[in-house]
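2 protein chains.
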Amino acid sequence: VLLVEKWLAAWLTRPASVPTFDEIPETHSHVVIAGLGRFGQIIARVLAARGIPFTALDGDPSQIEVIRRFGGRVYFGDATRPEILEAAQVEKARAVVVCISRVEESLKTVELVRRRYPHVPVYARARDRAHAHRLMDLGVERIIRETFLSALELSRQVLEDVGLGRREAAQTVQMFAERDEKRLEADHAHAADPAKLAESEKRHAQELAELFEADVEKRD
Amino acid sequence: VLLVEKWLAAWLTRPASVPTFDEIPETHSHVVIAGLGRFGQIIARVLAARGIPFTALDGDPSQIEVIRRFGGRVYFGDATRPEILEAAQVEKARAVVVCISRVEESLKTVELVRRRYPHVPVYARARDRAHAHRLMDLGVERIIRETFLSALELSRQVLEDVGLGRREAAQTVQMFAERDEKRLEADHAHAADPAKLAESEKRHAQELAELFEADVEKRD
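Going line by line, the protein sequences match chains Z and A. Going by this note's numbering, the first sequence runs without a break in its numbering and finishes at 234. Going by this note's numbering, the second sequence runs without a break in its numbering and finishes at 234.
Treat the hints with care, since some could be wrong.
Since the list gives no way to pick one copy over another, a pair counts as held whenever it fits inside one copy or between any two copies.
In silico lysine to aspartate or glutamate, DMTMM-like type, Cα no more than 25 angstroms apart, as pairs [claimed, not checked]:
1. Lys122 x Glu97
2. Lys122 x Glu227
3. Lys106 x Glu224
4. Lys210 x Asp74
5. Lys106 x Glu192
6. Lys106 x Glu195
7. Lys216 x Glu227
8. Lys210 x Asp142
9. Lys122 x Glu105
10. Lys210 x Glu182
It should be emphasised that the hints constitute simulated quantities derived from the structure, not laboratory data.
Using the sequences and the hints, build the whole thing.
Here you go:
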């Protein structure tokens, strides 16, 4: 905490034109979290709860305060810069979790990690389907769309409350999610073709509707 | 689809200063979805798959095209305007699902629905904890933080991959989520007091860490 405060003070009083980054102590088998917004904070807090070492990077000094509250280590620094990744010892990390919300910055970070540390698995938060496809281009191991699961859960609650029943609501959402994930992967092949993407979306919707209609018929 | 196209044409050629909205046919027991971004689209697609009638409202004409692909009904209109809500027959709706990403617009819509249609349950997407607290102030029935579940799921995958094992990873995240939800509710009472919120966050982190430490000790 004292070190963080020292860094904070140094950061706040630095000359505006001189790029700075923090000295990061030697770590092994740690997880590197790039970006400490709403998303990265959850990752950091879950890892902290289990005592798993992590190094978190964020260019925004206000995030330091947040992580300090639960005793985590966090460093100022823009994860799109090679010297910051080197200082964070990505070389020795178990994984890099890219939780940066801005698409271009996220991709730049992933690209850099991939090129310099090809042996380190990369996980990433995706803004949307297009971002997910570009992360797939870079060979990211695990990708999750940032609003997908919360939207599914709210859908499930709506289904349940309009009378579908607990089990049927859960099964519907589960099936939707599985098919949507498969479609996302299949769409990767023609991610640059809006007509094919639209066609895929329409087909997906029809297939699902037919599937659930068949379910209803079977019960009759 | 033809009607939608007619509306689209009318909308695109309208005088800029004249507010317009679509005529919406009589519906019963439908779900009203306000906002068709990444979040609202999932709700709309899940409901469409199950044949549950819904009316979707969005001020952005480009979203029309998206919903058209899977055969949904969608209307142009800003959900913060009383006449749009009236046209969407919120009066007779089973529920209103507010999926608007901009916080102030979301709150304005909820407030309007609450005041004019107090009998209709409201569900909402929250940007973050602060937004969730303001939605609680307005008595929203179901609130979900938009990136919370995807962040939890990515955390779970990280835990599993660093060696925690499938079951333990799932349990950790489950426990974290339950406690975090409880804390969100408890924090509502002092949502305007940053010092108390910070204290609550710190205590929450300590409790979790102790809980998992106790788990590890028990196994020894």
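Status of the hints after comparison with the structure:
1. Lys122 x Glu97: within (14 angstroms within a copy, 45 angstroms between copies)
2. Lys122 x Glu227: neither (44 angstroms within a copy, 37 angstroms between copies)
3. Lys106 x Glu224: Answer is neither; intra-copy 50 angstroms and inter-copy 28 angstroms both fail.
4. Lys210 x Asp74: between (40 angstroms within a copy, 23 angstroms between copies)
5. Lys106 x Glu192: neither (34 angstroms within a copy, 33 angstroms between copies)
6. Lys106 x Glu195: neither (31 angstroms within a copy, 35 angstroms between copies)
7. Lys216 x Glu227: Within one copy only: 16 angstroms inside a chain, 50 angstroms across chains, cut-off 25 angstroms.
8. Lys210 x Asp142: within (17 angstroms within a copy, 35 angstroms between copies)
9. Lys122 x Glu105: within (17 angstroms within a copy, 48 angstroms between copies)
10. Lys210 x Glu182: neither (31 angstroms within a copy, 41 angstroms between copies)
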